[in-house]
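2 protein chains.
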Amino acid sequence: MLTAVALDGLPEIRSGDDLAELIATAAKAEDLRAGDVLVVAHKAVSKAEGRSRALASIEPSPRAKELAHQLDKDPRHVQAVLDESRVVLRAARGVLICVTHQGFVCANAGVDASNVAGSDTVVLLPRDPDASARRLRRQLRELVGIGPGILITDSFGRAWRHGQIDVAVGCAGLSPLEDWRGRPDAAGRELRATWIAVADQLAAAADLARRKDGRQPVVLVRGAERHVMEVDGPGAAALIRPEAEDLFR
Amino acid sequence: MLTAVALDGLPEIRSGDDLAELIATAAKAEDLRAGDVLVVAHKAVSKAEGRSRALASIEPSPRAKELAHQLDKDPRHVQAVLDESRVVLRAARGVLICVTHQGFVCANAGVDASNVAGSDTVVLLPRDPDASARRLRRQLRELVGIGPGILITDSFGRAWRHGQIDVAVGCAGLSPLEDWRGRPDAAGRELRATWIAVADQLAAAADLARRKDGRQPVVLVRGAERHVMEVDGPGAAALIRPEAEDLFR
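Protein chains in written order, with our numbering: chain A, 439 to 687; chain B, 439 to 687.
Hint data in this document are derived by calculation from the structure and do not stem from the laboratory. Glycine included, each C-beta is placed from N, C-alpha and C at the ideal position. Hints may contain errors.
[What the hints assert, rightly or not] Take a look, some chain A residues computed to stay more than 10 Å from chain B by CB distance:
| no. | residue |
| --- | --- |
| 1 | D469 |
| 2 | R471 |
| 3 | P498 |
| 4 | R573 |
[Said to hold, decoys possible] Interface residues of chain B toward chain A, partial, derived using beta-carbon atoms under 7 Å:
| no. | residue |
| --- | --- |
| 5 | I603 |
| 6 | A643 |
| 7 | L677 |
Looking at chain A on its own, in the form it has when it is part of the complex (with noise of 0.2 Å):
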């Protein structure tokens, strides 16, 4: 059995905060065992690590003004899109689509206004989000005595499908990918091409778990043991397709 519950008491997550102080606070209700698997929304370490800007503070350039009368946008979110930006892949329908310095594909590169107390600032998402997860993983260790999985999400649209569904961005103790090529199935016949993103599979199941209104940035998932491991293992990095295996860019 698999089961998701928001961690409730955790206060809004200001610069500098002890995100890992702040959540092993609020997970003592749920006493913390091994093979447990918290998932942080990245805006709590995002807001934690200092990652927001002031749009007050951004000139945009020539080409974010461009594309921002193109997309009806403000020029210094789009700058802070640009600057978070490898590549932008479509600009269209009032969104970019960008892939990120970590090598995500999304829309606006991550870069979130809402659950940002006053109107004027940015959130970005964590320059390292699997060092931020491994970083909360051995802080938490240090508090409670259990190093959990820890799974660092955000909501991403989707080619073809209409909707966000949450995934990983980060992870650490946590398998991201089960790989059952090459096992039988139930028939005996080798199963061949399952391998299955856990790590996003987790993030979705999280956030059905929470408030949208975003006091619940942390959720708790039990029934997942197989997946949490000793070691920090490869991080939602591993789940990044490689552009040369890619048929849609």
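Since the structure of chain A is already known, use the hints to place chain B on it.
Only chain B this time, still in chain A's reference frame:
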């Protein structure tokens, strides 16, 4: 709290089986209640509906033969894929990315050879998975007095990311998308881009609760009551992004 538990005791499903009856029996231990969601792997539905084909009965066209040669696949399998496809978007790296007659964009038009007794058969997607979900819901309501939310799923690969996740191909009695656009977030700001593919997140969550050897096609999800509706609703068809709005075809 969200919980997902796989139902045990379902037999290997065969053409003509009464799937609702089999699910009702398997679900007895869990005592179905209003607001429950039953997540059913499409293969169980497809098999019960006779949506499989013997490869020996398929005569590949010249185009199927050419694609099969190019992709190193069985030409009869490729013909089955072409028969399920409205359009082939890409043919490369051993895979055909297709738009199915139902409108889904996925690898090999959802045609799959795994988990079928005997190696000479392929399983197709249900012809109308939303209709299948509605029928299953109606039959379950007659059998157990409760019309649970029904979700029919398949494992899809994604652009840009490695691995597969389960997504909704059919649903009934379940709101496939939750629209938070225009509602305020915790800071009182309008949430602008928050349109959540609840049905896909439920599909992903359910898959984490089942063994992958194919003997647990049905998962019971609780804690998603607010997404369950008395009416059957728009189905998973509502998750399909229309071609005119799609930037990646």
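Taking the hints in turn, this is what the structure says about them:
1. D469: 15 Å, holds
2. R471: 16 Å, holds
3. P498: 20 Å, holds
4. R573: Holds, because the least Cβ-Cβ distance between R573(A) and chain B comes to about 24 Å, which exceeds 10 Å.
5. I603: This hint holds: I603(B) lies near chain A, its Cβ roughly 5 Å from the closest one there, short of 7 Å.
6. A643: Interface hint status for A643(B): holds (3 Å vs cutoff 7 Å).
7. L677: 5 Å, holds
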